[in-house]
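Sequential numbering from 301 applies to the sequence shown in the numbering used here.
None of these hints come from the bench; they were simulated from the model.
Be careful, since some hints might not be right.
[Claimed, not checked] Capping the alpha-carbon separation at 27 Å, the derived lysine-lysine pairs in DSSO-like fashion look like this:
| hint | residue 1 | residue 2 |
| --- | --- | --- |
| 1 | Lys396 | Lys447 |
| 2 | Lys317 | Lys408 |
| 3 | Lys340 | Lys315 |
| 4 | Lys447 | Lys340 |
| 5 | Lys326 | Lys340 |
| 6 | Lys534 | Lys494 |
| 7 | Lys516 | Lys494 |
| 8 | Lys447 | Lys315 |
| 9 | Lys306 | Lys326 |
| 10 | Lys516 | Lys408 |
| 11 | Lys306 | Lys447 |
| 12 | Lys516 | Lys534 |
[Claimed, not checked] Pair ranges (Cβ atoms, derived):
| hint | residue 1 | residue 2 | range |
| --- | --- | --- | --- |
| 13 | Ser467 | Phe312 | 23 to 29 Å |
| 14 | Ala463 | Phe312 | 20 to 26 Å |
| 15 | His493 | Pro434 | 26 to 32 Å |
| 16 | Gln451 | Thr354 | 21 to 27 Å |
| 17 | Leu334 | Ser549 | 43 to 49 Å |
| 18 | Ile303 | Pro434 | 32 to 38 Å |
Ideal Cβ placement from N, Cα and C applies to all residues, glycine included.
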Amino acid sequence: MTIWEKHSDRIFYNKPKGHTFSLHLKGGTGTRRLDAGGMKGFPGAICVLPEGQTSDWEITTPFQFLHLVLPDEPLRAWFSRIHDLDARYFDLAEIKFDAAPPMTEQLKQLVFAAASNDLLLADSAIAELIYCLPDRRRPLQGGLATKQLRQTDAWIDANIGGAIRLSELAAEVGLSEFHFHRMFSVSRGTSPHKWVTMRKIEAAKDSLRCESSIAKAASACGFSCQSHLTRTFKAQTGMTPAVYRQLLSGV
């Protein structure tokens, strides 16, 4: 997530990776979407570009905007968890210079969180933003049933402090390891390994918020040692647990 300020530019996005959300904070009337008939922006305007959406922009006057890019796989996984739905229901549509009140509020919260280094607010705003995203109900084939997904999550949460094996997850819903891996990945939008890692990192964040030491958080969340947690935490969040704790405390 970045807050950009631009005065003049010409930008062409050719099938970019990740889903892009932008909120015009100041100005924007000199920003045009050339591939959309020259539509112009305005303060408070929202633009959403689903992954792979090509776009062509011209900027002729100063303006400031929030630019948020969320990778496809983790976004689908979080959508699945927050909405308690199969990830295939995720249906992000393009938005061109629109004002969507729920989404606007959450993007504004992200701006405030960035300015104040408030990680809790940022986490909450991202969660609320994903909750606001639309879904499209359609017939699905394959994958796990909702009951099986909930059963799997409950088992993961109950065993978060240990080394979780694919065989254990598969046995919980009565499937072979091969079929469980394939069907889980279809329904959650990510692999069981990545899903479990995501849940462990969230559990570690909760531990660190409760003023637990990094070593204790690592042990409580099933990491082999503090270094293991640090490596995984940084790969997932872009920061170490120590930096995360400092930001939480405002140091």
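Unsatisfied constraints (hint numbers, rising)
1, 4, 8, 10, 11, 13, 14, 16 and 18
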